[in-house]
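Peer 1: Sequence:
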Amino acid sequence: MGAGFVSAIATAQADRDFIRVGKSPIHGRGVFAKRKIPKGTRVIEYLGERIQLEKLCRDPATVGTARVYAFYLDENTVIDGARNGNDARFINHSCDPNCEAYCIDDRVYIYGMGDIARDDELTFDYKLAATRDGLAGIENSRAYICRCGSKNCRGTMLAVKTPGKKA
Numbered sequence: 001m002g003a004g005f006v007s008a009i010a011t012a013q014a015d016r017d018f019i020r021v022g023k024s025p026i027h028g029r030g031v032f033a034k035r036k037i038p039k040g041t042r043v044i045e046y047l048g049e050r051i052q053l054e055k056l057c058r059d060p061a062t063v064g065t066a067r068v069y070a071f072y073l074d075e076n077t078v079i080d081g082a083r084n085g086n087d088a089r090f091i092n093h094s095c096d097p098n099c100e101a102y103c104i105d106d107r108v109y110i111y112g113m114g115d116i117a118r119d120d121e122l123t124f125d126y127k128l129a130a131t132r133d134g135l136a137g138i139e140n141s142r143a144y145i146c147r148c149g150s151k152n153c154r155g156t157m158l159a160v161k162t163p164g165k166k167a
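Numbering (my numbering), first residue to last: 1 to 167.
You can trust all of the hints, since none of them are fake.
No more than 20 Å apart at the CA atoms, straight line, and that leaves these computed lysine to any residue pairs for SDA-like:
id, residue 1, residue 2
1, 23, 35
2, 39, 98
3, 23, 118
4, 34, 17
5, 34, 20
6, 161, 96
7, 161, 142
8, 55, 128
9, 161, 74
10, 34, 115
11, 34, 114
12, 55, 75
13, 36, 98
14, 34, 109
15, 23, 69
16, 39, 124
17, 127, 73
18, 39, 17
19, 23, 93
20, 34, 117
21, 23, 98
22, 23, 121
The set of hints was computed from the structure by calculation and includes no laboratory data.
Produce the complete structure using the sequences and hints provided.
Peer 2: Spelled out as structure tokens, the structure:
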């Protein structure tokens with residue numbers, strides 16, 4: 001086995017110390033804290049096959065749930081959590097999240113924004129936006145209704161457009 005494979009196993013084992021997957025009141029399955037997670041903790045890496053955005057949008061094999069777990073790494077590349085992904089793909093959206101995603105050296109990590117109590121569901125703001133060609137199907141905003149239920153809910157998983165800034 002290569003060092004990268006052993007490292008991936010160690011990462012996956014460490015991830016299991018913090019989280020579990022279960023039924024979510026937000027949507028489908030969600031990720032929950034198995035124990036208190038202190039503010040600033042790197043909780044899990046978002047894993048999956050890296051593919052070109054164009055392939056994801058045009059390949060018949062990606063129709064359906066494959067797109068649900070796509071994490072946009074940059075304007076050309078997505079991490080498809082449906083292909084060789086991990087439990088990070090089950091982290092749901094919230095308009096009042098307790099986690100945020102950071103890209104470090106072309107890898108995506110989920111960090112706790114504040115202390116997360118045992119059994120709390122982990123969430124982050126998806127901030128979905130149209131791609132340069134609109135390939136992600138964002139134009140149908142009804143498909144991106146938010147179900148987070150927070151008092152700050154904006155009603156959509158789409159990014160809030162700030163006046164004067166490009167989305």
